[in-house]
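Novice: Can you make the complete structure from the sequences, with help from the hints?
Protein chains in written order, with our numbering: chain A, 4 to 382; chain B, 4 to 382.
Check each hint, because a few of them may be wrong.
One copy or any two copies: either way a pair holds, since identical chains are not told apart in the list.
Here are the simulated BS3-like cross-link-like pairs (lysine-lysine), alpha carbons at most 30 Å apart as the crow flies [to be verified]:
| id | residue 1 | residue 2 |
| --- | --- | --- |
| 1 | Lys197 | Lys334 |
| 2 | Lys9 | Lys334 |
| 3 | Lys56 | Lys346 |
| 4 | Lys381 | Lys9 |
Bear in mind the hints are in silico, worked out from the structure with no lab data behind them. No experiment lies behind these values; they were computed from the predicted model shown.
Number of protein chains: 2
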Amino acid sequence: MKVSPKIPQIGILGGGQLGRMLLQAAANYPVHVHVLENDTECPAAHLSQVFTKGDIRDFETVYNFGKNLDAITIEIENVNVEALEKLEIEGVRIFPRPAVLRTIKNKILQKEYYRSHQIPTAEFLVTENRRDLEEAADFLPAVHKIGEGGYDGKGVQLLYGKEDLGKGFDAPSVLEKMVPVHKEIAQMVAINEKGETALYPPVEMLFDPELNLLDYQLCPAELSTQTLSRVEAIALSVVKNFNSPGIFAVEMFVDKNGDVLVNETAPRVHNSGHHTIEAHFSSQFDMLWRLILGYPLGNTEAILPSIMINIIGAEGCSGDVYYEGLEEVLKTSNAFVHLYGKKQTKPGRKMGHVTVLSADKQDLLHKSNRIRKTLLPKA
Amino acid sequence: MKVSPKIPQIGILGGGQLGRMLLQAAANYPVHVHVLENDTECPAAHLSQVFTKGDIRDFETVYNFGKNLDAITIEIENVNVEALEKLEIEGVRIFPRPAVLRTIKNKILQKEYYRSHQIPTAEFLVTENRRDLEEAADFLPAVHKIGEGGYDGKGVQLLYGKEDLGKGFDAPSVLEKMVPVHKEIAQMVAINEKGETALYPPVEMLFDPELNLLDYQLCPAELSTQTLSRVEAIALSVVKNFNSPGIFAVEMFVDKNGDVLVNETAPRVHNSGHHTIEAHFSSQFDMLWRLILGYPLGNTEAILPSIMINIIGAEGCSGDVYYEGLEEVLKTSNAFVHLYGKKQTKPGRKMGHVTVLSADKQDLLHKSNRIRKTLLPKA
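Specialist: Next comes the structure, spelled out in structure tokens:
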């Protein structure tokens, strides 16, 4: 008699929009998904088979959540790594491995990882406190990034000259030479337990010069063949040296000399892969399930070129959200709207995204520009 | 002060795979979905915001489920129509309107609807009992369909000659002249509350001659321009005369003379629209949410041609399911696998589907044929 394999029980630490989109994709496969998150009304809560309310940063909570699961993944780095290490020893498969999380969570360790693996990255110093920073004044202009605890743009200060030193952190931090950025790109890479890899086409970020917010993301990035090869080789080097299965977003700068420098890596599904839901044969969410469930890697090819626009809570608006312009945007041909189900908007909060598909770049730019101006989370 | 609109509360009667795919699509929009279904382990149970265990055929259960909702839709026709009629009077929006369900649920009323609206359909007689049937022997070869209660191929008998009369139903039924079928096609039509319509390209069914099971479904159907116009005009006539918003699958025959005849209509998302998830800009599931939430109609255009293969429980296999060949099929480039999370397989049960996208028809046929032979639900 053949024994039917039992349904894999997989945990996600965190229940935000990344968890939500992971769960939309999970429903294509035989898998039971458990979510751990403190907010019972989070975007992913209702879509999981089992929701556990709890703090993803607490050792006991994470350990108890994970001890009977087959595998665990994350949708945010700020989780209890010690619990994941214990679970890994006890045989739970972790995507990515806790050692990688430990390196990436700390911006000092992350930069040292790049240096020790000969991965090109902006020149940097480590400052333990404000005095170290003041002694490094000659290193400016530079970016000061706090080692631990910086998220979503917090914990980062741009220091152009000595007059900015007071904005720096009096805690272990990295001071990175400011790069004369030509393009900011991101390369998603999937790597399975056998070490097989799949690369998505890199995307190019188009920033709003006034707000310094990510506005559009074009796929594929417009790069020379030579730069593209360089980007792919560097991203593969970053990912392979981690010795961990998972999906990774390697964020890079192409500087004004055409050199490629790694900025940061996220060891998980990522904002820069949202367009893959509709624009690619296997989305980043589908791909992560394939990795976790031991299936073959998916097809990363684009079906059509795309632009992704983040829908961000407007300045001066906080409270119960409604979406101005939603109907207008839903009239746009080939635009895919994703709203994350967050009850409250606040300035800068990611409330959703829209992906536009088109073979015509002008059509993409035109539509995405109109969408950005039209679809506004208001309170 | 502006009042934020409250999140729409929408109910689905039934929690099978259609509900599951509706819920995957719902997570793109600000909506709370409630599911009513007797089986707490049904495919849609865990994906809804609110799951209610109960019988969709019971008046009180359906009425109580619906009375505080903004709108209700169905994923199966076999629901309590009286409760929906009461809810409609009380202001709950129903997709489709209960009057349509009443017509469609009864195969006699459905055929009479086609006749009274001059919609071409196979010639038919109504038989109240076995004696009526025997008196209609000259009408054979014909198909005998029971008026109420026939589902999933049950309640249908093919009567080629007098020797088959014993297989007919001793209950109110329709006796339809057998059509010399050239092609069997389905046309999905969406119609909103303003009466605006959107048509998907029709699909063509390719049956397995031995099992008489739906195996493949090709999109777009290969039809002459003239036949395509005829198909669209007939489908629009079927849908518009219902005077109800909703999404409809109009199943038609193209006979050997090139005439188009309506076979049956389903007033809901339907098996013949599954390929729209990946192959079209707005899927049938996305489209139904647009209708219910009052958004503009979606874009029904195909991104690429596609074939959809149903994954059906094999003969002689009943019990806890596992999927033979799943890894092999997941290696197929541009194949999208959907397994519905049913715990048990049994012969003929729909366990999942796979959609393949390709601009090359030979590639579609080759891949879908291999998938059908490879991916087997076993127990």
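Novice: All the hints need checking, so say for each whether the structure fits it.
Specialist: Each hint, compared with the structure:
1. Lys197 with Lys334: between (44 Å within a copy, 15 Å between copies)
2. Lys9 with Lys334: Between copies, since 22 Å is at most 30 Å while 44 Å is not.
3. Lys56 with Lys346: Classified as both; 18 Å inside a copy, 27 Å across copies.
4. Lys381 with Lys9: For lysine 381 and lysine 9, the Cα distance is within 30 Å only across copies (13 Å; inside one copy 46 Å).
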